[in-house]
Amino acid sequence: MSAVHFDLERFRQAVDAGPVLVDFWAPWCVHCRRLDPVFQEIAGDYAGRLQAGQVNIDDLPQLAAEYHVNVIPTLVLFRDGRAEASLTAPESKARIEAFLREHL
Amino acid sequence: MEPHWDVLIAGGGPAGYSAALYCARAGLRTLVLEQLSAGGQIALTTQVDNYPGFPEGIDGFELGQRMRQGAERFGARTQLAEVTALELNRPLKTVHTSAGVFQGRAVIVATGANPRRLGLPKEQALTGRGVSYCAACDGMFYRGKTVAVVGGGSTAAADALLLSRLCKKVILIHRRDTLRAASIEHQALLEAPNVEFRWNTTVIQFLGSDRLLGLRLRDLLSGAEAELPCDGVFLCIGRVPATALLQGQLELDSAGYLIADETTRTSIPGVFAAGDVRTKALRQAVTAAADGAVAAHYAEEYLRGAQ
Chain U
1 MSAVHFDLER FRQAVDAGPV LVDFWAPWCV HCRRLDPVFQ EIAGDYAGRL QAGQVNIDDL
61 PQLAAEYHVN VIPTLVLFRD GRAEASLTAP ESKARIEAFL REHL
Chain B
105 MEPHWDVLIA GGGPAGYSAA LYCARAGLRT LVLEQLSAGG QIALTTQVDN YPGFPEGIDG
165 FELGQRMRQG AERFGARTQL AEVTALELNR PLKTVHTSAG VFQGRAVIVA TGANPRRLGL
225 PKEQALTGRG VSYCAACDGM FYRGKTVAVV GGGSTAAADA LLLSRLCKKV ILIHRRDTLR
285 AASIEHQALL EAPNVEFRWN TTVIQFLGSD RLLGLRLRDL LSGAEAELPC DGVFLCIGRV
345 PATALLQGQL ELDSAGYLIA DETTRTSIPG VFAAGDVRTK ALRQAVTAAA DGAVAAHYAE
405 EYLRGAQ
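Sequence order for the protein chains is U and B.
Heads up: the first sequence begins at 1 in the numbering used here, then just goes up one per residue.
Heads up: the second sequence begins at 105 in the numbering used here, then just goes up one per residue.
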């Protein structure tokens with residue numbers, strides 16, 4: 001199971017449906033590419049408990065602005081339709097797992 | 105995953121995956137422990153022009169992925185995990201990670217190096233909020249803005265030049281009165297109309313609370329202090345080896361690098377140091393890859409003798 005690419009509509013639907021971990025990224029962001037393999041693993045590991053999706057901030061700058069994403073990669077955890085917590089540029093898979101343990 | 109391995113490799117950069125390739129081809133059961141993704145520091149570079157075999161250059165992330173695939177083609181495995189502790193003194197060595205405990209008969213440390221921090225208050229809190237260590241990563245956020253670059257080496261020069269093409273103004277701050285490296289960027293920087301130099305100057309404070317608003321600077325000759333408003337600062341002041349977990353176990357030099365000669369052997373038999381983490385003259389992807397091959401050779405020799 002890999003992460004979904006969100007457009008605006010799919011993003012809104014997912015966030016209304018249950019917990020979602022969103023990876024805000026952009027094609028020019030070199031840190032984002034390094035995070036991607038780990039994010040895909042997280043998507044698989046947490047399948048059924050959490051939907052994992054990616055938002056390209058070049059395509060959806062309004063979402064980056066709405067959720068105050070000023071730097072990427074930033075992961076935002078949505079619960080009950082709200083942004084619950086965020087994590088900027090995690091340096092390991094373990095850091096994301098700790099973040100999810102704390103907030104999910 | 106198997107309970108124990110012939111060789112555990114900490115770090116999946118050029119040294120780690122080169123070692124993995126040579127170990128796997130020698131028939132050793134080999135596991136690479138990598139915390140994020142293959143490539144290490146080069147994975148943050150979009151254009152690598154000094155790794156032989158790629159006449160047009162190659163994207164660093166792509167090169168890292170290819171190194172991983174090359175090693176895995178011969179049976180090396182990768183576990184994405186953060187190493188939390190190492191017990192190296194016994195013949196069977198134990199590595200504790202976020203994904204469980206792994207044991208190996210030999211360990212190759214290829215953990216590389218990370219950007220050096222300035223060590224000022226608020227540095228961590230403002231990282232990603234105006235404080236950055238990588239122009240290629242974060243430069244785009246500062247298009248049309250005013251940024252400072254701190255440092256005088258080739259990375260500082262290259263980053264300042266990259267930023268000068270994006271930003272309204274770039275101020276290069278260096279504690280000496282000239283750039284260290286006679287880099288090809290040097291002349292281009294001196295000629296760039298929007299690059300200013302502050303020689304003999306250090307940063308003593310980050311200004312701003314939620315977001316960086318500027319820097320407090322000290323002139324090292326006169327002692328005078330001044331404030332420099334800016335939207336971002338890029339810190340290019342060198343690197344520190346990732347050896348914190350090894351202190352007290354392996355011999356380190358005063359800068360924290362693992363002491364090992366060209367055989368890559370460390371102070372503990374069966375433990376090898378490859379790549380940027382090792383004491384050496386030149387830290388490049390190509391010398392890291394060379395170290396990996398050497399470490400695999402001596403690890404194989406060690407394992408043959410230990411049987």
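These are calculated hints, taken from the structure and not from any lab test.
Just so you know, not all the hints are guaranteed correct.
Said to hold, decoys possible - Below, a sample of chain B positions facing chain U; criterion: calculated Cβ distance under 10 Å:
#1 L140
#2 S141
#3 A142
#4 A147
#5 F165
#6 A185
#7 T231
#8 C238
#9 F301
#10 R302
#11 T306
A virtual CB, placed ideally from N, CA and C, is assigned to each residue, including glycine.
Against the structure, the hints come out as follows:
1. Because the smallest distance between the Cβ of L140 (chain B) and any Cβ of chain U comes to about 5 Å, under 10 Å, the interface hint for this residue holds.
2. Given the 10 Å rule on beta carbons, the hint for S141 (chain B) holds: about 5 Å separates it from the nearest Cβ of chain U.
3. Here the hint on A142 (chain B) is kept, as its CB sits about 8 Å from the closest CB of chain U, short of 10 Å.
4. The beta carbon of A147 (chain B) is positioned within 10 Å of a beta carbon in chain U (closest approach about 5 Å), and the interface hint is therefore held.
5. Interface restraint check for F165 (chain B): the shortest CB-CB distance to chain U comes to about 5 Å, inside 10 Å, so the restraint holds.
6. Checking A185 (chain B) against chain U: minimum C-beta separation of about 7 Å stays under 10 Å; hint holds.
7. The restraint placing T231 (chain B) at the interface with chain U holds, with a minimum CB-CB distance near 8 Å, inside the 10 Å limit.
8. Against a cut-off of 10 Å between C-beta atoms, the interface hint on C238 (chain B) holds, since the closest Cβ of chain U lies about 7 Å away.
9. Because the closest C-beta pair between F301 (chain B) and chain U is about 27 Å apart, greater than 10 Å, the hint is violated.
10. Contact between R302 (chain B) and chain U, as hinted, is not supported at the beta carbon level, the nearest pair being about 26 Å apart and thus beyond 10 Å.
11. Taken as an interface hint, T306 (chain B) does not check out: its beta carbon lies about 25 Å from the nearest beta carbon of chain U, beyond 10 Å.
Of the numbered hints listed earlier, those contradicted by the structure are 9, 10 and 11.
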